[in-house]
Amino acid sequence: MKLGVFTVCTPQFNVEEAIAQIAAAGFNGIEWRITEDHGNRNQPQFWSGNRTSMTAQELKSRAQDLLARCAEYGLSMPSLGTYLDEDQRDPIESCLEAALAIGATAIRVKPAAYPPPDRQRYQNLLQASRAKFAGLAELAERYGVRILIETHPGHIAPSVSKARQILEGLDPKHVGIMWDPSNQVAEGLETYRMAIDIAGEYLAEVHVKNQRYVSEKREDGSIHWHTLPCPLPEGVVNWKKVFEELHHAGYTGWLMLEDFCEELPLDRRLTFDATYLRGLLADVQSASKN
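If you count the sequence shown from 1, you need to add 3 to reach my numbering.
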């Protein structure tokens, strides 16, 4: 398995700094954040003013420089983290073109939001998403770049099983699932082996972060539970167990860091995470030989 970083979690670095720092920390790849970010880059945050944010057009215009810089640092650029919805066909095609320009083989696309503002039934949304992703699969085939659904709260595919329902019957060469076990702590929880088994040949990428449950007391005395980011070793997700199950399933793809816990400064966080994850992978590899 290969370790990379989704640049949504490196907002303080500009593109050039991200490449250098991600390589220095010991990662092998970068997943670029592709979106129109109108936030204040003097006050960078994960989702606003992130200094690594690029549009598809900006990525294409910088492709040769990025390829040269990443080659210098020994980094791959396997995927793009877009924020496009399933019905944004033209922008999706632009992102597929951008992916080709840097040699990326996958982009992320969002299925329908849930709950919907117009109170449509889930089955109606599912059937509509299936039709849209069938069309997107044809587009992906044309470009040779895979389109991925991430397990994510707030959409109709918070779980691997729901994502597979959308993609069932489509060629896994052209579409796939971006599995985020930490997102499933908040919504769509599945046991690790079950999630991997259900994904099957659609499993294309894994996002890596962690969350813990925290409680707040309401005015009426009841308890509200929710999740907050935390260091990788301290959350609900047992990453060693995840890696064991991925290893047993023969997964050799990308593990993309998306760490939103700010207890450590960003440069130290990247180094800590890379060291921790490589240690887990080494333990899993060693155990499999005994």
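Hints were generated in silico from the structure; no laboratory data involved. Since this is a predicted model, take the numbers as computed values, not measurements. It is possible that part of the hints are untrue.
[As the list claims (entries may be wrong)] Pair by pair, the computed Cβ-Cβ distance ranges are:
no. : residue 1 : residue 2 : range
1   : Asn127    : Val217    : 16 to 26 angstroms
2   : Gly106    : Gln48     : 27 to 37 angstroms
3   : Pro175    : Lys5      : 11 to 21 angstroms
4   : His251    : Asp68     : 26 to 36 angstroms
5   : Glu20     : Gln60     : 13 to 23 angstroms
6   : Arg271    : Glu144    : 41 to 51 angstroms
7   : His250    : Ser164    : 36 to 46 angstroms
8   : Arg221    : Asp174    : 45 to 55 angstroms
9   : Glu141    : Gly203    : 14 to 24 angstroms
Every residue, glycine too, gets a C-beta built ideally from N, C-alpha and C.
Do the hints match the structure? See the list:
For the hinted restraint 16 to 26 angstroms between Asn127 and Val217, the CB-CB distance of approximately 35 angstroms leaves it violated. Under the hint 27 to 37 angstroms, the C-beta atoms of Gly106 and Gln48, about 29 angstroms apart, fit the expected range. Distance hint check for Pro175 and Lys5: the Cβ-Cβ separation is about 19 angstroms, which falls inside the suggested range of 11 to 21 angstroms. Checked against the hint of 26 to 36 angstroms, the pair His251 and Asp68 fails, with Cβ atoms roughly 40 angstroms apart.
Distance hint check for Glu20 and Gln60: the Cβ-Cβ separation is about 22 angstroms, which falls inside the suggested range of 13 to 23 angstroms. Look at Arg271 against Glu144: about 43 angstroms separates their beta carbons, and that is inside 41 to 51 angstroms. Checked against the hint of 36 to 46 angstroms, the pair His250 and Ser164 fails, with Cβ atoms roughly 22 angstroms apart. At roughly 48 angstroms, the beta-carbon separation of Arg221 and Asp174 lies within the given 45 to 55 angstroms, and the hint holds.
Evaluation of the 14 to 24 angstroms hint for Glu141 and Gly203 yields a pass: the beta carbon distance comes to about 21 angstroms.
Of the numbered hints listed earlier, those contradicted by the structure are 1, 4 and 7.
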